[in-house]
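Asker: As a plain string of letters, each chain reads:
Protein chains: 2
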Amino acid sequence: MYRAGIDIGGTSIKIGLVDDKLEIVRRSAIPFQCVGGEKVAAMIAEEIHKLLKQEPAIESIESVGVVVPGSIDKTQSIVIDAHNLGFHGVPFRAQLQAQFPSIPVYLANDADGAALAELGRGAFEGCKTAVLLTLGTGVGGGVILGGRMFSGGTGLGAELGHMTLVNGGEACTCGNHGCVEAYCSASALKRDGIRAMHAHPESMLCAKSGGDESKIDAKFVIDCAKEGDAVAKTVFDAYVDHLAAACISIVHILDPEVIAIGGGVCHAGEFLFEPLRKGIDKKCFFSEHGAIVPAVMGNDAGIIGAAMLADNAK
Amino acid sequence: MYRAGIDIGGTSIKIGLVDDKLEIVRRSAIPFQCVGGEKVAAMIAEEIHKLLKQEPAIESIESVGVVVPGSIDKTQSIVIDAHNLGFHGVPFRAQLQAQFPSIPVYLANDADGAALAELGRGAFEGCKTAVLLTLGTGVGGGVILGGRMFSGGTGLGAELGHMTLVNGGEACTCGNHGCVEAYCSASALKRDGIRAMHAHPESMLCAKSGGDESKIDAKFVIDCAKEGDAVAKTVFDAYVDHLAAACISIVHILDPEVIAIGGGVCHAGEFLFEPLRKGIDKKCFFSEHGAIVPAVMGNDAGIIGAAMLADNAK
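The listed protein sequences derive, respectively, from chains L and W.
Be aware that the first sequence starts at 1, since it is given in my numbering, and climbs by one per residue.
Be aware that the second sequence starts at 315, since it is given in my numbering, and climbs by one per residue.
Keep in mind that the hints are not guaranteed to be accurate.
To be verified - Subject to a maximum C-alpha distance of 30 angstroms in a straight line, what follows is the list of computed DSSO-like cross-link-like pairs (lysine-lysine): (1) W/K442 to L/K74; (2) L/K278 to W/K388; (3) W/K628 to L/K314; (4) W/K388 to W/K628.
The hints are simulated quantities; they were obtained by calculation from the structure and are not laboratory data.
Chain L extracted, bound-state conformation (with noise of 0.2 angstroms):
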């Protein structure tokens, strides 16, 4: 039995044919255009076609998953709001199920989609319940309930990113103030790191970027840190604090078996964990908890993920 897992980004779509132990036999990707959802469930179809040719020992698939990053309606179907694929409102599950009429169609945000590839073969494997949380330009995750996939109690979804961390601190693009994703996100370690080598001229942070605000982001400022500048170290240990502090608030209500951390800031490997759990087992009430762990499933986890919705909605 195979499924076509299709993870759509702002630059290229990513399609795959998943087997059923969860390997994708066969991939591709075209680039992502910006031509509105008919026309890109148009060449999602052609290239899944092209795929099951290319691969003739699969005669069909059981059904079509697809991951967006935005959000999406209470009945799984519409893209409410997808920023970077200029879909707003666009009812995606049903154009891309009128290019396959004939076997079920999934839809589903991104970060849920890469939650259930973690607990298919990856981070969450035998998990009942187990967050995922994802450091990149802004902070998402996803929430496994029960041994599936969570869409929220009223189907809005977890919106990880914006749980409270500091109220009333430091201001985040939704226009609130001291979200978790305004004090945890790369975007929000490089705003400490520039604010840091402005205001110490003498840093490493100052030095090797020669001042240069644009040369300095996440890795940047861990590098720094990692080579031993007080400075960097300072604003990487206070980030460090701030992530402790967010798994916290997970720990503390769902008390989940695995928190798995995704995104770009992971590649610190146990320059981050080792400090990341130290800071989490000081601020938990319980004398244990689950394991925080890397993610695992990375670049595959959208097409494997959407591939798994269908045995997720059964």
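Using the hints, position chain W against chain L.
Answerer: Okay, now just chain W, sitting in the frame of chain L:
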């Protein structure tokens, strides 16, 4: 069919016989004595048998459920810590089971039981996903997921009062800083009222208390705010803003159908709930969210939630 529900508190043990409609058909209360689990279990059994004699229509009970103000182990059998009861590592389920060898006995945390009672015939009727937040000396609560009491992903349960609200902020009783409890408990409102009283000798807080800290509690601050004292109103507004931010964290991870607020602070009624809902609307990432309502089960929540444990375990 009848069940016994028992709510053990630091001063009294409330016992009720509960029918199919979750009505307490007969009840009593006996003083709590700090005499250890076995003797407490024997006292409870004696009282239940007394109640059964008083109600000859009830031939037998089908289960015994008990809730305690403390942490329960993952097997729902041992009271790890219930400071008010002097119970530390007490195998209370087995001790009570020894008194009722032929029927099942269940044990839970009292806030979890209260959430279950709201599900049975209170604010959560018909809900799949709901959260109870109780604002008292501390902040507790319980989580309903999938239409059942949720005992945490690893069995540790929820500690909603120790989610992060202002990372690095006010000291909390748990040793951490900036917990929800450090801002949203009745104790926090009292603390901020006392501070404001000292800082503002011109305020009603000072005039009405005569500068006596011991006269100030949460209700006192709320009453002064209701009577129009600007200083007390500022303290109360900050309290409501923090409570809204705490609810926002819950909304953005679980998107519950209902959040119910219980505890003494709720007696403020719409003076609390109207600005609370506005604050949540303003901070919410979604354009809508579940209802924010007062808890309704009050003093009976413990007995009824305890009686419901048998069904919840099915």
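Asker: Provide an ascending list of the numbers of those earlier hints which the structure does not satisfy.
Answerer: Per hint list: zero violations.
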